[in-house]
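Chains as they are written, first to last, in full-length UniProt numbering: chain A, 1 to 608; chain B, 1 to 608.
What the hints contain is simulated information worked out from the structure, not anything from laboratory work. Note that CB positions come from ideal geometry on N, CA and C, so glycine has one too. There may be inaccurate statements among the hints.
Claimed, not checked - A few chain A residues that don't get close to chain B, going by computed Cβ distances all over 10 Å: (1) 35; (2) 127; (3) 132; (4) 167; (5) 169; (6) 206; (7) 416; (8) 449; (9) 530; (10) 532; (11) 554.
Claimed, not checked - Short derived list, chain B residues pointing at chain A, Cβ under 10 Å: (12) 76; (13) 80; (14) 94; (15) 95; (16) 222; (17) 454; (18) 533; (19) 544; (20) 553.
Stated by the list, open to error - Under the rule of at most 30 Å between Cα atoms (straight-line distance), these lysine-lysine pairs were calculated in the DSSO-like manner: (21) 528(A) <-> 412(B); (22) 446(A) <-> 412(A); (23) 440(B) <-> 546(B); (24) 197(B) <-> 41(B); (25) 383(B) <-> 284(B); (26) 7(A) <-> 41(A); (27) 528(B) <-> 409(A); (28) 546(A) <-> 440(A); (29) 409(B) <-> 446(B); (30) 412(A) <-> 528(B); (31) 409(B) <-> 528(A); (32) 446(B) <-> 316(B).
There are 2 protein chains.
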Amino acid sequence: MPISAVKESNIDVLVIGAGPAGLMACNALARTGINVRIVDKQPSKVMAGQADGIQPRTIEVLQSYGLAQRLLQEANQVHTAAFYNPNPETRGIELTDRTPGVFANDARYPFEATLHQGAIEDIFLDSMRDLGVEVSRPTVPVSIQVYDNQPQSVDASTFPVRVVLFHGDARNGQTETEIVHAKFVIGADGAHSWVRKACDIEMEGEQTEYIWGVVDMVPETDFPDIRNKCAIHSINGSCGIVPREGDKVRLYIQLGSHGELDDTSGRVAKELMGPNMLLDVARKSMFPYVIDEAEPIEWWTIYRIGQRVAAQFFVKDRIFIAGDACHTHSPKAGQGMDASMNDTHNLAWKLVHVVKGWADLSLLRTYEFERRTYAQDLIIFDKQWAELFSGRPRTDDNQGGVSHEDFLKAFKAFGGFTSGIGICYAESELINTTHQSFTKNLIIGKRLPPQIVVRAADLRPFELQDLLPSDARFKVLVFAGDTIQPSQRMRLTMLAEEMGAGASFLKTYSHGENIFAAFDILVVGSSKGATRHTDFPELFRSHWSKVFVNRGMEELPGCDVYGNFGINPAGAVVIVRPDGYVGTVAPFEMVGDINRYFAAFTRPSTDV
Amino acid sequence: MPISAVKESNIDVLVIGAGPAGLMACNALARTGINVRIVDKQPSKVMAGQADGIQPRTIEVLQSYGLAQRLLQEANQVHTAAFYNPNPETRGIELTDRTPGVFANDARYPFEATLHQGAIEDIFLDSMRDLGVEVSRPTVPVSIQVYDNQPQSVDASTFPVRVVLFHGDARNGQTETEIVHAKFVIGADGAHSWVRKACDIEMEGEQTEYIWGVVDMVPETDFPDIRNKCAIHSINGSCGIVPREGDKVRLYIQLGSHGELDDTSGRVAKELMGPNMLLDVARKSMFPYVIDEAEPIEWWTIYRIGQRVAAQFFVKDRIFIAGDACHTHSPKAGQGMDASMNDTHNLAWKLVHVVKGWADLSLLRTYEFERRTYAQDLIIFDKQWAELFSGRPRTDDNQGGVSHEDFLKAFKAFGGFTSGIGICYAESELINTTHQSFTKNLIIGKRLPPQIVVRAADLRPFELQDLLPSDARFKVLVFAGDTIQPSQRMRLTMLAEEMGAGASFLKTYSHGENIFAAFDILVVGSSKGATRHTDFPELFRSHWSKVFVNRGMEELPGCDVYGNFGINPAGAVVIVRPDGYVGTVAPFEMVGDINRYFAAFTRPSTDV
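Could you build all of it, start to finish, from the sequences and the hints given here?
Below, the structure is given as structure tokens:
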């Protein structure tokens with residue numbers, strides 16, 4: 001190989017791995033103007049197989065980046081779950097129950113969207129292309145080091161992480177070496193993560209005895225629930241069905257815990273199996289229904305379920321791992337791609353705030369605190385779920401087996417968790433629940449739920465979530481109360497004065513820059529009579545489109561944000577984090593507590 | 001000019017004029033694979049001004065072509081109308097009332113979408129580009145003749161309309177001549193239509209005394225309803241406001257009936273006016289509110305309202321005029337662009353059916369019957385509306401003036417008409433109301449209203465309108481009734497047998513070709529218990545996605561098609577025209593009446 005001058009470059013964030021976690025990170029960073037690059041060792045992207053389920057909360061997240069519309073155009077929607085169990089007499093399976101596919105009270109999208117991973121990646125790739133960012137591939141990282149280790153400062157002019165990359169060149173087969181100096185690196189390079197290994201991060205947990213096969217196919221079948229998500233427990237083993245885009249379905253097939261393992265390594269011996277053997281096992285579970293392939297089988301795999309979480313999610317506040325690189329678990333609850341994308345959805349805005357010089361490096365540690373806790377919960381859930389799913393059904397011969405009632409109870413109980421809707425981040429510098437009582441039903445730590453509000457200037461209804469896009473800004477929601485009352489109007493005026501003053505978080509956190517770079521401010525009034533946007537203090541109406549009211553002229557179903565969120569009639573200020581989670585709440589007279597909330601992670605001004 | 005060999009070409013349909021009417025026609029034809037071309041005499045498209053209002057029914061129509069999503073992303077929405085009248089004491093205007101912007105009970109999109117005409121044209125141009133069709137411009141037609149006149153036949157191999165076109169060439173300023181031989185020509189070339197004049201078609205009606213000015217601007221104002229549609233009656237004249245995309249608004253300003261007219265020609269003398277003079281007039285109407293331009297004025301015009309309809313809409317079954325070429329009226333109810341697009345939405349599918357060889361030429365005459373009647377109704381409405389709008393307000397000094405109550409009553413009463421939702425085509429070979437009683441609330445002649453139905457295979461809710469795209473196919477909706485009852489199941493089986501037989505319209509109308517080229521068939525059951533798609537006769541389920549049920553597992557608001565449409569429990573077959581209007585209905589045992597419905601315009605098979 002001829003040696004040429006080695007290329008060197010500086011970059012804010014380098015993302016290693018262009019799967020769902022890496023793409024979510026890269027797209028989120030590129031949208032805010034962060035200098036970001038993304039590399040992948042594979043010469044081309046996945047075309048088939050891999051993950052395929054997008055849960056309700058993840059659809060909301062995609063919507064916050066303007067990407068859900070395309071997902072919904074291309075994806076199948078799973079609205080119904082069907083449960084099959086053995087008929088004691090025929091020994092074949094029969095329908096026990098059908099239920100909604102998702103149990104989550106306030107999901108904006110009450111279904112799972114199913115689409116193969118490659119198509120989901122395309123949505124990100126096209127969005128990134130519009131922002132001028134493409135994946136470099138095949139590009140292999142060969143070394144990574146952090147040369148700077150001053151945990152309390154971020155000097156925007158230094159690039160302490162040094163990564164050596166080998167770029168493959170498809171034309172002449174040669175490799176070009178590049179040294180990248182980055183402020184931050186995200187390792188989103190999958191279950192066998194090179195970044196994780198290079199940083200000596202351990203995976204904690206263990207392999208299970210569960211071995212499953214997966215087949216993507218277009219079926220020819222008389223099975224009546226082939227377009228529903230199915231959990232099938234038969235006397236011949238368990239099997240799951242997930243319907244997909246077009247006429248495709250995915251089968252999950254339970255295999256024995258022997259035979260498919262290589263005796264020496266203990267790994268799954270894929271060469272001993274084939275898609276037809278998998279399908280033969282599925283056929284036995286689905287008896288008396290018949291299933292055949294209408295087209296050649298598109299993709300298949302076989303694997304042993306591991307349930308592991310990385311011991312740490314970052315190194316020296318500079319290198320972060322995300323997605324499969326930090327958690328592996330069973331695929332049957334359709335959580336893998338969701339957990340991965342939500343990892344970097346959580347991390348990306350924090351990096352933006354640090355790179356922009358608003359927040360201290362310590363803010364980044366909340367990533368591990370929030371996402372590792374979630375990953376641990378996911379493994380706990382996965383163990384219970386995998387056991388129920390893989391366990392033998394309760395029959396007359398097997399009284400200790402899993403009953404449909406047990407299974408359904410778990411399915412419903414886990415609905416908040418599996419949908420992503422119920423996830424609640426714990427108290428931290430980013431989650432302060434002190435004044436929870438002022439917004440009784442708007443839970444601090446959870447994502448802001450869907451809610452219709454009405455714009456004052458034209459009485460047009462809006463989904464509140466759509467007013468809080470993932471643009472890396474904190475959203476300040478001022479619930480103004482009934483400003484037709486002179487006393488409330490006075491209180492609001494005083495609030496605006498305090499929030500507009502130099503000591504306010506709006507000024508200190510943004511270090512005196514334009515406050516609308518780091519914040520967006522919306523105001524919502526509750527007066528029953530007509531409210532004009534011009535009635536509100538100027539700080540709260542940077543544009544006529546920023547003022548909202550509780551209800552429009554006519555009754556709209558669900559349109560009562562004060563009632564639904566349980567807002568105290570005296571009003572409240574709500575801080576929604578850039579990722580859509582409620583961070584804290586304060587009554588007007590204690591808005592100083594919001595100053596303290598931001599002070600906890602504001603970059604010291606001596607750094608400026 | 002050097003003389004070169006004149007180019008000659010054959011084409012199914014030539015569209016002259018690339019405004020909203022022409023683009024709607026061209027896009028609709030191109031989607032179905034018809035060989036279509038479109039030319040425009042202007043060297044480039046409109047960048048500002050012109051029409052800007054899309055009414056609720058037109059949004060539905062755009063959605064049926066897959067174009068509404070983009071419109072809704074770009075357009076402003078008008079949800080509220082505000083009415084201002086003189087305050088007898090201050091002599092300035094004051095708010096009298098606010099009402100919803102649209103009065104139409106079952107609008108799927110209960111608002112007006114406002115966006116400048118150029119952006120709306122772009123939506124069509126991009127869709128056409130994806131289909132491989134672009135506008136030739138500047139291209140001027142110079143002669144048009146029909147050489148064939150056999151009204152009862154269409155020989156697909158002849159091209160009886162001969163049009164001579166001059167193509168401008170921007171590079172060398174030369175002109176190239178082309179002779180186009182077309183099966184059909186659509187003249188969508190505006191109020192001064194060359195096609196109309198070349199065909200000697202008279203405009204019937206008259207000029208009015210009303211002279212109006214229009215200004216598109218970004219205002220700086222304290223007027224509280226600047227983001228609502230406003231009708232302002234002041235003692236200094238009338239004025240209208242339409243809020244638009246971004247911060248733009250359009251002002252309609254009433255001018256005196258003198259002064260602005262050229263004494264000799266009687267035409268509006270635009271050179272005597274300017275945008276600032278118009279704005280000065282508006283300022284007087286809007287007193288005591290203040291309005292200024294925040295940015296330089298983008299576009300303005302001044303015109304005298306004509307209220308005219310073409311005496312005929314076609315010549316020799318071969319040349320058709322559409323849009324402003326056949327009707328002119330006032331712009332204040334925001335109907336111009338809607339009327340134009342709905343003209344060619346009505347015409348395009350009829351041309352497809354004739355070109356494909358299914359329908360007789362006579363089908364095309366229903367275009368004039370339906371759209372000229374509509375245009376006449378529009379003029380009648382416009383006269384009443386313009387009179388109310390231009391009339392002086394009722395004050396103490398002027399007891400004969402227009403009261404707010406009169407105005408509001410008319411605004412509400414005309415809601416069905418102006419929204420486009422209430423339009424009902426009269427009885428004709430395409431509208432047969434004989435069996436209306438079998439679908440009491442699904443009105444034959446009106447567009448099929450929005451309605452949620454649930455797909456049997458996966459209980460996913462769908463908007464029924466979205467299942468009936470504008471793909472030029474007739475939609476056959478089989479309301480199967482409660483097929484859990486053995487007797488109803490038997491009746492349905494017999495219906496399927498009759499509809500699948502050789503004498504059925506499905507076979508005779510499509511001349512024995514694949515029936516799904518000309519028809520789509522959906523079936524909707526009403527059983528309360530679980531219905532599987534496999535329970536229905538094969539003719540009615542060409543794919544698993546074609547079978548629907550009345551309700552899903554859980555109560556969905558508005559989800560009861562049998563109740564909402566008033567479907568007879570014995571079931572019914574509903575024919576929805578390719579443009580989304582209900583054509584006819586028959587009970588199972590009289591499905592022969594549907595054969596007769598189609599026979600009225602089926603092309604004689606001796607022609608094949």
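Among the hints numbered above, which are violated by the structure, and what are their numbers in rising order? Failing hints, ascending: 9, 10, 11 and 14.
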